[in-house]
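As given, the protein sequences belong to chains A and B, one line each in that order.
For the first sequence, position 13 matches number 37 in my numbering, and the numbering has no gaps at all.
For the second sequence, position 121 matches number 113 in my numbering, and the numbering has no gaps at all.
These are computed hints drawn from the structure, not numbers from a lab.
Partial list, derived from the structure: chain B residues whose beta carbon lies under 8 Å from chain A:
no., residue
1, V49
2, P51
3, A75
4, P76
5, L108
Each residue gets a CB set at the ideal place from its N, CA and C atoms; glycine is no exception.
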Amino acid sequence: MHQFIIAFARWVQSTHLGVGILESTWAFPYVQLTHFTGLSLFIGTTLALDLRLMGVGKKSQTAAQLADSLFAWNWLGFAIGITGGFMLFSTAALTYVANPSFDVKLSMLIPAGLILHIVNQRKVRTWGETTETPGIAKLAGFVELLLWLSVVSAAVLIPYFAAEP
Amino acid sequence: MPCRRRTANLEQFRISVLLLGLVIAFPGTAFSHHGTVGYDFAKTVTLHGTATSFDWVNPHCLLHMDVKDENGSVQRWTLEMSAPSMLARRGWTKDSVRPGDDVTIETHPAKNGIPLGISSGNSYVLKAVVNGKVLPFQ
Chain A
25 MHQFIIAFAR WVQSTHLGVG ILESTWAFPY VQLTHFTGLS LFIGTTLALD
75 LRLMGVGKKS QTAAQLADSL FAWNWLGFAI GITGGFMLFS TAALTYVANP
125 SFDVKLSMLI PAGLILHIVN QRKVRTWGET TETPGIAKLA GFVELLLWLS
175 VVSAAVLIPY FAAEP
Chain B
-7 MPCRRRTANL EQFRISVLLL GLVIAFPGTA FSHHGTVGYD FAKTVTLHGT
43 ATSFDWVNPH CLLHMDVKDE NGSVQRWTLE MSAPSMLARR GWTKDSVRPG
93 DDVTIETHPA KNGIPLGISS GNSYVLKAVV NGKVLPFQ
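The following block holds chain A by itself, in its conformation from the complex (with noise of 0.2 Å):
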């Protein structure tokens, strides 16, 4: 697996996509553009419906409704957020790869992160029904407002776990 790992970064890094964005005299920022923006737009929708699970804001909306209304901006970001991220790791894949700060930030977010928020996106059509929302509910979201933050912390590391170059 780990073999499979490293000849997927290596070949992601010599395609023109990460060649191109890597040496690019403009490119590079616009792409850290796409990154932040999409997983702003996803975690700022994701930790606002995790603080509502939590009971923050119950009075404006249920958490059911607060659900709806943001589903549509929330995966928007993730696929916009996703879009980035791959094209940041396809200028460096083998450095990524090496890097722990950047394995700890995807193994938090595949499989946990991803599964405990499409639980929570569906679990609270039930349990965001009533202003109230259920004690595991709670739990729940917190437990994801806790993960998301870790993903973040990790990726904010990741430059400071990279080799010397």
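Since the structure of chain A is provided, determine the placement of chain B on it from the hints.
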């Protein structure tokens, strides 16, 4: 009855504030860069050697060169530079330094003594002479 609801709300409010505080306490978002704190900006050393490669890459261009010290042993130095966009703005190109070129370049060395230095940032480019020709610097 009104008192009980207020207690429940206060409990919720306290937990929310605590959690919000934890969220805000994550300063990591500001540090999307490894920073330059590992370099000694009070020191400028001049290296003379042969370039082995000049990586014209984002987010930092890298110049690798072999430097012979007083004892005759060769050290492989890595010099961090700014992004291609920033160097291009100053007049550098990806061919400004080629493998095999004779290079004399200034750098701020790493504090821990390894053969690593920084030779340009967003507001400066240290002096580099390649095959006798002075590259744009400020």
